[in-house]
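Novice: Put together the whole structure using the sequences plus the hints.
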Amino acid sequence: MLAVSSTFYIISSFAGGWLSDHAGQRWVTLTGLILRGIGILIYPYGVLNAGWILPAAILTGLGNGIYIPAAKAGIATLAELKERRTVFSLRGIAANIGTTLGPLLGGYLFARSIFWLFTVSTVLYVGLGIVHALLLPAKIKTDTSATEIMRKAAAPRMYVVFKDSRYLMYTVISILIWLLYAQLTFSVPLRITYLHMGSAAIGWIWALSSILIIAFQAGLTKRAAGHSPLRLLAWGTLLFAVGFGTISLSRGFWSLLASVLLITVGEMLVMPTIDSTVALFATEHTAGLYYGVASVAFGIGDALGNYLGGWVMNTVNQGMPAGFPWLLYSGLGILITLCILAFDKSRLFHDMNELTPA
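Residues 1 to 358, numbered by this note's numbering, are exactly what the sequence shown covers, in order.
Hints listed in this document are in silico derivations from the structure and should not be mistaken for laboratory results.
Don't take every hint at face value.
[Unchecked claim] In silico DMTMM-like pairs for lysine to aspartate or glutamate, Cα to Cα no more than 25 Å straight-line:
#1 222 to 83
#2 222 to 302
#3 345 to 164
#4 82 to 164
#5 82 to 344
#6 163 to 344
#7 82 to 284
#8 222 to 344
#9 222 to 80
Specialist: In structure tokens:
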């Protein structure tokens, strides 16, 4: 069912971005949230009848795919150029607050009833949809004086993004970064199992990682202002590589935590940058379309990363050296870093620095 949801997420992401450029972010985000809410409401009925699980997975995938590119396009177009990376970093802080508090609320509701859990989740999604409908303007416009340096007179056509060779190269970079980042969900539990640590260790590691983001994301983003987006992505990916590599050397909770926090600092560089940079390629009429492709890139990278992670886990179980998974991820991270730096030096991206917020 996760594969079904992911497939419909990828399929609907491009459509959601395109629709947001034509119908406005307000109604597209509202539609996405309501679809996801309905899908979540249906899920518990799968306990009584497994036939309900498929439509629930389809609706949640569609809702996510429609909502995310429209929401990111809204953020990019509402924020000024120099503020975009900061605004996306604040979005990351809010997401980590949610992922920290969400399981606490979910655990409390699940203890009462599985139907309570999914019903309250649905109410929250519908409530968020109403907030979006009330607060967002029907059609968001943006000042394109800066982005026109990158793209001039782009027609609001669906095929425009596929003619943008620079953005397609950036999309390949994004897929590789998401593929590598997906390994975090495999590598840490695998190492915890190898070190025979209790199940509580993973909870503490994720919680402390979220706290680091909440506490320091805004400050790090401010210090990173003025640096080339591709250079920041390279630094973040290199931290991924170092973090994964040192996981193979961890011998206990604290050393493993240190490795994960290295990856988390890389995440703090990568996440706001990879989102805010998309807007540098788009015009006021194509922001949703470009963010739709970015969401597809995330879906593809995540799916390939999950496949790679599963393959690595099976290979390890067949007698490969204990440090093989993390050294593989580290080597992959170094290769991706070198690719990003090559793009950064390329004449094709030489004017990217002109659009970098100071």
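Novice: Hints first: check each against the structure and report whether it holds.
Specialist: Against the structure, the hints come out as follows:
no.	hint	verdict
1	222 to 83	10 Å, holds
2	222 to 302	28 Å, violated
3	345 to 164	19 Å, holds
4	82 to 164	23 Å, holds
5	82 to 344	20 Å, holds
6	163 to 344	20 Å, holds
7	82 to 284	16 Å, holds
8	222 to 344	21 Å, holds
9	222 to 80	15 Å, holds
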